[in-house]
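Undergrad: Chains as they are written, first to last, in our numbering: chain P, 1 to 75; chain Y, 1 to 140.
Rather than coming from a laboratory, the hints here were simulated on the basis of the structure.
Everything numeric in this text was worked out from a predicted model, so none of it was measured.
Treat the hints with care, since some could be wrong.
What the hints assert, rightly or not - Which stretches of chain P does chain Y cover? Using the computed rule of at least three CB atoms under 8 Å from a CB of chain Y, they are:
| hint | segment |
| --- | --- |
| 1 | 5 to 17 |
| 2 | 29 to 37 |
As the list claims (entries may be wrong) - Below, a list of computed lysine-lysine pairs in the BS3-like style, where the Cα atoms sit at most 27 Å apart:
| hint | chain 1 | residue 1 | chain 2 | residue 2 |
| --- | --- | --- | --- | --- |
| 3 | Y | Lys61 | Y | Lys128 |
| 4 | Y | Lys60 | P | Lys9 |
| 5 | P | Lys31 | Y | Lys61 |
| 6 | Y | Lys11 | P | Lys37 |
| 7 | Y | Lys25 | P | Lys37 |
| 8 | Y | Lys128 | Y | Lys11 |
| 9 | P | Lys31 | Y | Lys25 |
| 10 | Y | Lys100 | Y | Lys25 |
| 11 | P | Lys9 | Y | Lys61 |
| 12 | P | Lys9 | Y | Lys25 |
| 13 | Y | Lys11 | P | Lys9 |
| 14 | Y | Lys123 | Y | Lys100 |
| 15 | Y | Lys100 | Y | Lys61 |
| 16 | Y | Lys128 | Y | Lys25 |
Unchecked claim - Chain Y residues, not near chain P, derived (Cβ > 10 Å throughout):
| hint | residue |
| --- | --- |
| 17 | Cys20 |
| 18 | Lys100 |
| 19 | Ile119 |
Virtual Cβ for every residue (Gly too), placed ideally from N, Cα, C.
Here is what each chain is made of, one letter per residue.
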Amino acid sequence: MSYYEQLVKHVERSMNRHPSSTVVMDSDTFKVLATGKSAKTLARRLRKVKGAQGIPVVFQRISDNAVWILTQRIP
Amino acid sequence: MTLTYPFLAGKPTILVSVECLLSGKTYIIPMLIDTGCDETSFPAHCAATFGHNNNDRRVKKTWCSGVGGRSRSYLHSVQVSLLHPGLARHSIAWTSHLPKAAFIENLHCTFGLLGMDIINEWKSLLLKKTRRGRRIVIRL
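Given these sequences and hints, build the entire structure.
TA: Structure below.
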């Protein structure tokens with residue numbers, strides 16, 4: 001299994017384990033470093049995180065509901 | 001070069017590396033491949049994760065529109081890179097030339113949007129169904 005496939009597997013597992021939080025995971029060890037309800041509290045926690053070996057992976061659970069997205073810049 | 005990614009959480013979403021060009025901080029973030037999106041975008045609150053402040057007077061502000069209506073967007077200096085999907089270790093396969101992305105106020109989703117500004121840098125994009133599940137195939 002490639003590194004990317006392992007990363008996807010761990011991200012999906014953590015999304016289901018922390019369904020209503022934003023999660024920060026270490027990209028090397030796949031350990032959850034921090035969870036937070038809002039981006040502000042998480043940004044604060046991210047600064048305090050020590051011992052991370054890899055790049056932080058930041059994500060929230062992706063909703064099963066349908067998504068409609070369209071954005072266009074207004075000149 | 002051809003990069004093949006599995007869908008994430010049942011959507012054409014890939015994990016990408018996003019680097020803040022001001023601080024050098026890098027994060028890996030899920031991004032939806034959105035051909036209906038002109039500019040690569042993130043929800044406005046994500047700017048705080050990179051240590052950016054949307055209210056700083058040096059931040060360029062524009063307007064954008066979409067399904068949710070008209071919304072304020074803040075331009076921040078970040079660069080998107082694709083992770084290599086086939087190697088046994090963490091590696092960057094490709095980096096976009098774009099030095100900025102929009103952070104949109106009324107974008108209430110839990111991922112970033114890989115828009116047409118980045119998709120146009122690729123040779124082709126294909127969504128296909130395989131025996132192992134749905135895949136995103138990007139030719140560079």
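Undergrad: Does each hint hold? Answer for all of them.
TA: Results of checking the hints against the structure:
1. 5 to 17: holds (count 6)
2. 29 to 37: With 0 residues closer than 8 Å to chain Y, the segment 29 to 37 of chain P misses the three-residue bar; violated.
3. Y:Lys61 to Y:Lys128: violated (37 Å)
4. Y:Lys60 to P:Lys9: violated (37 Å)
5. P:Lys31 to Y:Lys61: Roughly 36 Å between the alpha carbons, so the hint for P:Lys31 and Y:Lys61 is violated.
6. Y:Lys11 to P:Lys37: Satisfied, since the Cα-Cα distance of roughly 23 Å is no more than 27 Å.
7. Y:Lys25 to P:Lys37: holds (22 Å)
8. Y:Lys128 to Y:Lys11: With Cα atoms ~12 Å apart, Y:Lys128 and Y:Lys11 stay inside 27 Å; holds.
9. P:Lys31 to Y:Lys25: holds (19 Å)
10. Y:Lys100 to Y:Lys25: With a Cα-Cα distance of about 14 Å, the restraint between Y:Lys100 and Y:Lys25 holds, given a limit of 27 Å.
11. P:Lys9 to Y:Lys61: violated (37 Å)
12. P:Lys9 to Y:Lys25: Holds: P:Lys9 and Y:Lys25 sit about 24 Å apart, inside 27 Å.
13. Y:Lys11 to P:Lys9: Distance of about 14 Å is within 27 Å: holds.
14. Y:Lys123 to Y:Lys100: Status holds; Cα separation ~21 Å.
15. Y:Lys100 to Y:Lys61: holds (12 Å)
16. Y:Lys128 to Y:Lys25: violated (33 Å)
17. Cys20: holds (12 Å)
18. Lys100: holds (12 Å)
19. Ile119: At roughly 13 Å from the nearest Cβ of chain P, Y:Ile119 sits farther out than 10 Å, so the non-interface label holds.
The structure fails to meet hints 2, 3, 4, 5, 11 and 16 from the earlier list, while all remaining hints are met.
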